[in-house]
Structure formats: structure tokens, C-alpha cells
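Residues in the sequence shown are numbered consecutively from 9, following the numbering used here.
Rather than coming from a laboratory, the hints here were simulated on the basis of the structure.
Please read all numbers here as calculations on a predicted model, not as lab measurements.
Positions of the beta carbon are idealized from the N, C-alpha and C atoms, including for glycine.
A couple of the hints might just be wrong.
Between beta-carbon pairs, the in silico distance windows are [claimed, not checked]: (1) E80 with A293: 28 to 38 Å; (2) A293 with R165: 44 to 54 Å; (3) I159 with Q211: 30 to 40 Å; (4) S296 with F25: 16 to 26 Å; (5) F201 with S19: 18 to 28 Å; (6) L44 with A293: 34 to 44 Å; (7) P200 with L74: 39 to 49 Å; (8) R165 with P47: 17 to 27 Å; (9) N297 with R206: 46 to 56 Å; (10) Q211 with L74: 42 to 52 Å.
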Amino acid sequence: MLPVLPVFAQSFDVGAFGASAVVSAFAFARLVGAPLVGPMINRFGERAVLSVGMFLVAGSTAISALSSSYLEFISWRAAGGIGSAMFTVSAMTLVLNSVEPHQRGRASGLYMGGFLVGGMAGPGVGGLLAQVSLTAPFFFYSAALVAAGVIGILVLRSSPTQEVTAAGAPGPKVQPTRGQRRAADTDDEGTPFSSVLRDIRYQAALLAGLGQGWNSFGVRSALIPLLVVEVLDRDPSWSGVAFTVSAVVQTLMLAPAGRFVDSVGRRPALIGAGLVCAVGMVGVAFASNVWILTIALSVYGIGAAFQGTAPAASVGDAAGGRSGTPVAVFSMVT
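Take these sequences, add in the hints, and give me the full structure.
As C-alpha cells, then:
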């Protein structure tokens with residue numbers, strides 16, 4: 009979707025600000041809708057909320073491709089943002105509920121990494137489909153979401169509410185790291201959200217998520233396709249190529265990132281990832297051709313692998329992986 013969203017918006021005779029607002033409307037709807045998802049998960053379960061959210065995004069995306077005005081287009085994009093909040097929060101809650109504390113880094117890495125890789129690799133497909141028409145990526149994305157929603161209904165099961173402790177983990181006994189012991193300590197009882205909010209680990213995760221969301225949904229998603237077309241004077245498909253190469257680099261870093269977060273710790277991963285992502289984004293600002301842009305995005309992808317792992321694992325450590333509300337609030341800033 010990324011290569012065509014700003015370009016499609018400009019077909020309604022809006023400028024760069026109006027094109028960027030389409031991406032911001034989706035993110036703002038996620039922000040507004042996220043607090044409602046926690047109670048929905050508690051009432052209906054992760055599976056139902058996840059599937060309905062996917063169907064909502066699928067429907068709104070297909071309808072937005074048929075929009076006859078800019079206001080109609082941005083309104084349907086906002087509706088999709090609410091559905092996105094539903095399925096991302098419920099999926100993350102299910103992941104954190106399903107693993108032991110000492111596995112959260114790797115589990116969060118697989119989920120968040122897969123989510124980020126999909127967000128980066130998808131533009132490669134979108135760029136190719138854009139050669140057919142600007143609306144083709146919309147319908148392809150809708151069909152993929154419908155398929156994913158059906159799979160969610162048929163295969164997934166909502167997680168039971170149960171205690172998850174490191175001591176109860178099967179397998180050979182190993183000496184836990186300090187981070188693993190702290191994670192296990194938070195899982196003995198359900199942690200009130202007020203206590204989670206005061207936890208420095210949760211605060212660090214929120215701050216890291218805010219920076220990542222600002223770059224991914226703001227600068228990267230909204231401006232790079234315009235940079236490719238208007239500044240570098242290249243076809244929109246080239247932004248898809250750059251995103252795809254970056255996604256490949258990020259994919260290669262997912263497994264090392266998960267192991268690093270679980271063995272070395274969340275804090276070193278957060279600090280290092282922030283620095284690497286910053287270097288990558290500075291490189292984007294000074295890119296004089298599409299190849300330098302691709303290299304800069306690849307550097308960003310290395311940091312994104314860690315940035316998608318450590319904050320989510322920290323949320324699970326602070327909340328015990330037991331409540332949808334901390335995950336929902338975390339989703340608001342990512």
C-alpha cells in the first residue's frame with residue numbers, strides 16, 4: 009500500500025500535506041481505537057477481536073479504492089485504522105499470553121518482526137501491482153486480509169487466563185538471567201495497569217514505540233514514496249524495491265535480535281536499536297539517488313528488527329503478559 013497511498017491521494021488534487029494526512033488519519037484512528045480493544049478482548053477473546061478487525065480493514069480498504077472524493081477516501085482509511093488496532097492488539101496479547109517469560113524476546117521478535125517485515129515487504133508487491141493500476145494494491149490487500157481473518161477464526165484459540173511462571177516452564181533447568189528473573193516476578197499475579205504504568209520498563213517501551221511509530225507510520229510511510237517520485241524523479245515502483253530490500257535485511261536480523269533481547273537484555277537492545285534507526289533515517293534525508301536511499305533504509309531495517317522486539321518483550325515483562333490494556337496502550341504509540 010505504501011507506494012500508492014500518497015500518489016492515489018494526490019489524484020484528488022491535494023498537495024503533499026493532504027497526501028501525508030491519509031497516512032496520519034489511519035494512525036490517529038489506531039490511537040483512538042486502541043483503548044477500547046482491551047475491554048473487547050476481555051469480553052470476546054483475542055480470536056474474535058482479531059478476525060473482526062481484519063475484516064473491518066479489508067472492507068474499508070476495498071471501499072476506499074472506489075472513493076469519489078478525498079474526504080470519502082480519508083474517512084475509509086480512518087475506519088481501517090480502528091480495525092488495525094483491533095487485530096494488532098489482540099494478536100500481541102495472544103502472543104504474550106502464550107509463551108514463558110524467558111521466551112518473550114524471541115516470541116515478540118517473530119510477531120513484531122513479521123508485522124514490520126510485512127509492512128516493509130508489502131510495498132514491493134504493491135509497487136508491482138501499481139503497474140497494473142493504482143487501485144490494484146487496495147483489492148489485493150483486502151483479499152489477503154479476508155484470508156487471514158478466516159484462518160484466524162478456524163485455527164486460533166483465545167488464550168486461557170492462567171499464571172505463567174519461569175519456574176513452571178518445562179525442559180532442562182537453566183540459570184535464568186537477571187532480566188528473566190524480573191520478568192518471572194511480574195507474572196505471579198495479574199498486575200494492575202496503574203502499577204504497570206509506573207514501571208520503568210513499560211515507560212521505556214512506550215518511548216521506544218513512539219519513536220518507531222513516528223518513523224514508520226509518519227516519515228517513512230508518508231514521505232519516502234513522495235521523495236522517490238518528486239525528488240529522485242523515479243517511478244513509484246522504486247519505493248517498493250527500496251522497502252523490499254530493507255525488509256530482507258530486517259528478516260535476516262530477526263533471529264539474532266530475539267536471542268540478544270532474551271540473553272543480553274532489553275535495555276542494551278533498546279539503546280542500540282534507537283541509535284541505528286537514527287543513523288538510517290539521517291541517511292534517508294541525504295539520499296541523492298535510489299541506491300543510497302535503499303542502503304539507508306536497510307540500515308534502518310537492522311535497527312527495526314531490535315526495535316520491534318525489545319519494547320514488546322518489555323511490555324510483557326511489566327504486565328506479565330496477562331492483560332490486554334497495557335498492550336492496547338502500547339499500541340497507541342506505535
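Results for each hint:
Hint check: E80 to A293, Cβ distance near 34 Å, so the stated range 28 to 38 Å holds. Our hint of 44 to 54 Å for A293 and R165 holds, since their Cβ atoms are close to 46 Å apart. Against the hinted window of 30 to 40 Å, the Cβ-Cβ separation of I159 and Q211 comes to about 35 Å, which satisfies the hint. At roughly 25 Å, the beta carbons of S296 and F25 sit within the given window of 16 to 26 Å.
Judged by the Cβ atoms, the range 18 to 28 Å given for F201 and S19 is violated: they are separated by roughly 44 Å. In this structure the supplied range 34 to 44 Å holds for L44 paired with A293, their Cβ-Cβ distance being about 36 Å. Taken as a hint, the range 39 to 49 Å holds for the pair P200 and L74, whose Cβ atoms sit roughly 46 Å apart. At about 20 Å, the CB distance of R165 to P47 agrees with the hint of 17 to 27 Å.
About 48 Å separates the C-beta atoms of N297 and R206, a value consistent with the hinted range of 46 to 56 Å. For the hinted restraint 42 to 52 Å between Q211 and L74, the CB-CB distance of approximately 43 Å keeps it satisfied.
This entry does not satisfy hint 5, going by the numbered hints stated previously; all others are met.
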